[in-house]
Amino acid sequence: MPEIDENRPLPLKEVEQLVELVRESGVGEIRVRQGETEISVRARPEVPTTSFGDQVASATQGIPDVVESEPSPETDGLHAVRSPVVGTFYRAPAPGEDTYVEVGDTVSAGQTLCIVEAMKLMNEIVADVSGEVVEVLAENAGGVEYDQPLFYLRPDEQ
Amino acid sequence: MPEIDENRPLPLKEVEQLVELVRESGVGEIRVRQGETEISVRARPEVPTTSFGDQVASATQGIPDVVESEPSPETDGLHAVRSPVVGTFYRAPAPGEDTYVEVGDTVSAGQTLCIVEAMKLMNEIVADVSGEVVEVLAENAGGVEYDQPLFYLRPDEQ
Amino acid sequence: MIGKVLVANRGEIALRIIRACRELGVRSVAVYSTADRDSLHHELADESVCIGPPPAASSYLNVPAIISAAELTGADAVHPGYGFLAENARFAEICERVGLTFVGPSSRTIARMGDKAEAREAAAEAGVPVTPGSDGSCESVDVVKRVGAEIGYPLVIKASAGGGGKGMRVVETEAEVDAAYLGASREAGANFGDGSVYVEKYLENLRHVEVQVLADSYGETVTFPERDCSVQRRYQKLIEESPAPGLPVDVREGLMAASADLVGSLGYEGAGTVEFVYADGKFYFIEMNTRLQVEHPVTEMISGVDIVAEQLKVVSGERLEVPEDARSPDGHAIEFRINAEDPLRNFLPQAGLVEVYNPPGGPGVRVDSHLYAGYRVPPYYDSLLAKLIVHARDRGSSIRRGLRALDEFAVSGMETTLPLHLAVLEDEEFRRGGVTTRFLADRELESEGGLLRLNRTSV
Amino acid sequence: MIGKVLVANRGEIALRIIRACRELGVRSVAVYSTADRDSLHHELADESVCIGPPPAASSYLNVPAIISAAELTGADAVHPGYGFLAENARFAEICERVGLTFVGPSSRTIARMGDKAEAREAAAEAGVPVTPGSDGSCESVDVVKRVGAEIGYPLVIKASAGGGGKGMRVVETEAEVDAAYLGASREAGANFGDGSVYVEKYLENLRHVEVQVLADSYGETVTFPERDCSVQRRYQKLIEESPAPGLPVDVREGLMAASADLVGSLGYEGAGTVEFVYADGKFYFIEMNTRLQVEHPVTEMISGVDIVAEQLKVVSGERLEVPEDARSPDGHAIEFRINAEDPLRNFLPQAGLVEVYNPPGGPGVRVDSHLYAGYRVPPYYDSLLAKLIVHARDRGSSIRRGLRALDEFAVSGMETTLPLHLAVLEDEEFRRGGVTTRFLADRELESEGGLLRLNRTSV
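Protein chains in written order, with my numbering: chain A, 1 to 158; chain B, 1 to 158; chain C, 1 to 459; chain D, 1 to 459.
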């Protein structure tokens, strides 16, 4: 328990100095504590904004995967080809063979881009638009989830 | 637990100084604590957002008094005289005697409006502004809470 | 101990399993549909894999996706929870084949108990009383009539592969048998791909009681004091309690012994529930659920045993750790299923944004729920939002604690069964204890001053 | 049974009492300051009265306002909770005088145990071991020196009217006595209006253990297995558990018997706690708290007894209802105090808006809290936001359950002690059990990858 001296006067001079500091600096709040003395000066509050995602992230300590890094949005007119199944991603038909596509290749709709293997079944994933392969988003022989983006294509101008 | 000396006077002078400081400086809040003394002065708040009361009302079935009917706001320039203590509200000095005031009366600042009895002590509640008694909000011989509005006055034009 | 468990489920039961894993130091893998991206089971598991689009058939029932997710994450066991794939013998068999430990009994046992007619036979062979009726399935109308002549009417025709009231017909006289047989058989075929039916004496004024069992691979079987699940709506349990109010001790002992006999004769491993009907001092086996049940916490509260942890120990080849005193009830527990359903509009399912969520706390209160304020209840899955379980020294205190906790339970954004539960707890017959499965059917819900009340409609 | 209880407190303990009232069918009256207009105790009580402005001295310590509120609402009893007026003998006396039942022992007993030197004497008279030291207060420096010559140094000088470390000085040698006596006496005078001090042998490496007691007006006294509250920061308890890890059974029996002797000799009625220090196989009385304590749920979890309900029964003139088996621990329970304090900034108190609030659920988890999402923690009162209590079959399982539940506990909007508790549970010495009250003082908190860790700084 803190020890208390109730006879000391309130530090009004210091308060005035802090008020001045808040006003001049533009900061939101200053708090000072020294022993049993505590001073807090707050600027007029701004309008608060809240988003649930952020809140949970800061709220649940120790949960490693709470902050999902969402796949980057399809900005700049890019088109994502996503995995229709859970499985293992392969860029080539078989080990040692050439990859189906590389970054910079131009592909046409219906062309095979990769294989996702699930339960010994080889699922060929095809381009659903024609265009240029801009980025390969999954690692060869790595696992992919349902709906996970595998490639970014830049669709042809139509 | 610390025992509290309830007989010491409140540091009203310091409060006044802090109030002045908040008003002049335009900051939102000042808090000072020293030992068992704590003073907090806050500027008038901005427009309030959602109120929890409403949410709970719809959410918790079966709790009879969840929906507190808040005292009506001081609209139309009315001034509320509130109870400074918990106690029993009396409109007259003694049973059978005349009431201190009636609706329509004009009262001057400092004039007694009613009594709130607490622990056998008769607390005379006085008007803090001059004006006309517009409404009596509490029932004679009924209980009143701290801060409960007792009268609406229409202050004199100044 | 197994090292990593894939939880092939969602909602509160997925959380329940993830919690047990974490407390045992076992890693957990959540699987989720795209409708459950913001779900707590996905947030709280050690790893998670998106397995498909919202419809359950493409996600939580999607066997290849779930097996692939287990392989990708290196899980060595799969816990199916309840519902979805929990009693799917084919899924259990596939797990066995690919070397994944299925948290449950063998696929053979699941298949055997999944056929209700066969389960009746297994129970009868183990010396467990079964409702008078046919031996196994009835191949023709004539068999039904022969049984009817023997044991008397009314009878009930039931689908062998069934459950939940589908393919079921009550027959009052022999004249009704032909039409009922045809109807039940057709409905069973349409629902379960198997039109075979069996027949039982139709018992009225009965109570639903059931016995939780746990068995390990060393031949040890534990049976727990019975749960009473008679407060049902259309065969869906709403309130479960343990022990059953007013049940004589010798009946309890009989139920526990009969369940142990059946489980022993099956060479059962893991958790399961043997279900009975009880009327006039006698009980009859109806079916066995070869999985964890929604209402398992009721037994956990009065026994102190963590049933999910014991499931995981059993599949890890460990021995059950159940103290002797867990076999007699410590106090009384009641579970309330808080469903997203509107009791005043024929239990219309609700979905949408949970605006306020504040569960009750304090002594003797347990809440199992995947909700949080800001969660959006998807319209694709079952309506269970939360289970509130209360525990106190006796049934009267439990009921009062239930009233207190239900009253505190704040959920807004949709209608729920919370006010229905409050109404049940205020019902005099429920308070006396020992209501039958007709309890809710015999009553009407009435709205009165913002609260609900049950009014008896038939006598 | 009393009919209506005014709850002279706020926060989680006010909720705790309101819950007990509701379960017993007793009406409850909340009192609240204008800072607590949106508080749950005000929402959940049957009635409520605003008693004053935010400062505690004008509201929760405002005796006339509280007595008036009791009179206005027709309450026939006042439950003070802990803190505020709970050990204020004058308040208890006023209640007695105006005919209000004070839920606690008589004002005489409160006053007697409130004087620490007198409490020591009462304990010694009852045959309870007290730390070697002075008989009652020390009138002069010479008395202190005489005691020092007798029992040896180091000594500790303490304020008779004190508590919480105020007016306390540790003295290593006789040369230091004069200055320390003067300092302690002055500080005691300034803080408690009473400069008298007493002296005890200063024990190091000690554990704080305490015994919950309940006594009724028929002379029945129940003592419960001890709680260990050694994890403290500046005399503030942070974690409490029961039973105390590794405590020999004969020590437990000794503690319980000593507490029963003291309580019996006082003619005590109601709930109370007898506090001891424990070192090297021996225990010594330090003080008795004549009220409900923050950590009472730990005992409730391992005994199944509702201590607040028993308090209300006792003041209603009923007999205690505590089954015989409640006197031996059923499993192990740990309580974590979740405070609005920033562990990384010297436990700076926090206030403000609770943005997210989602307490943990599942088996063996109890949460006592007045929080909800959207609640604004006022800056005027103590920093306790929530108590998390976990219960499992043994200490190891309790710790794992604690880790799981703390990890799930979502509070945002301010810093809390949640990460500190996780760090304590990861500490090897804590896991081994039996740490002393220097546990936290001997360690530094370090932030590592978003988590906190404790590092030992002294050996």
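Think of the hints as simulated: they come from the structure by calculation, not from any bench.
Errors might be hidden in some of the hints.
To be verified - List time: in silico SDA-like cross-link candidates among lysine to any residue, alpha-carbon distance up to 20 Å: (1) B:Lys13 x A:Gln17; (2) C:Lys313 x D:Gly99; (3) A:Lys120 x C:Ile94; (4) D:Lys4 x B:Gly142; (5) B:Lys120 x D:Leu403; (6) A:Lys13 x B:Val136; (7) B:Lys120 x D:Arg97; (8) C:Lys313 x D:Arg97; (9) B:Lys120 x D:Gly99; (10) C:Lys4 x D:Gly99; (11) B:Lys120 x D:Arg395; (12) D:Lys313 x C:Lys313; (13) B:Lys120 x D:Asp325; (14) A:Lys13 x B:Val22.
Structure-based check of all given hints:
no., hint, in the structure
1, B:Lys13 x A:Gln17, "holds (19 Å)"
2, C:Lys313 x D:Gly99, "violated (59 Å)"
3, A:Lys120 x C:Ile94, "holds (14 Å)"
4, D:Lys4 x B:Gly142, "holds (19 Å)"
5, B:Lys120 x D:Leu403, "violated (54 Å)"
6, A:Lys13 x B:Val136, "violated (45 Å)"
7, B:Lys120 x D:Arg97, "holds (14 Å)"
8, C:Lys313 x D:Arg97, "violated (61 Å)"
9, B:Lys120 x D:Gly99, "holds (15 Å)"
10, C:Lys4 x D:Gly99, "violated (63 Å)"
11, B:Lys120 x D:Arg395, "violated (55 Å)"
12, D:Lys313 x C:Lys313, "violated (43 Å)"
13, B:Lys120 x D:Asp325, "violated (50 Å)"
14, A:Lys13 x B:Val22, "holds (14 Å)"
Hints 2, 5, 6, 8, 10, 11, 12, 13, counting from the list given before, are not met by this structure.
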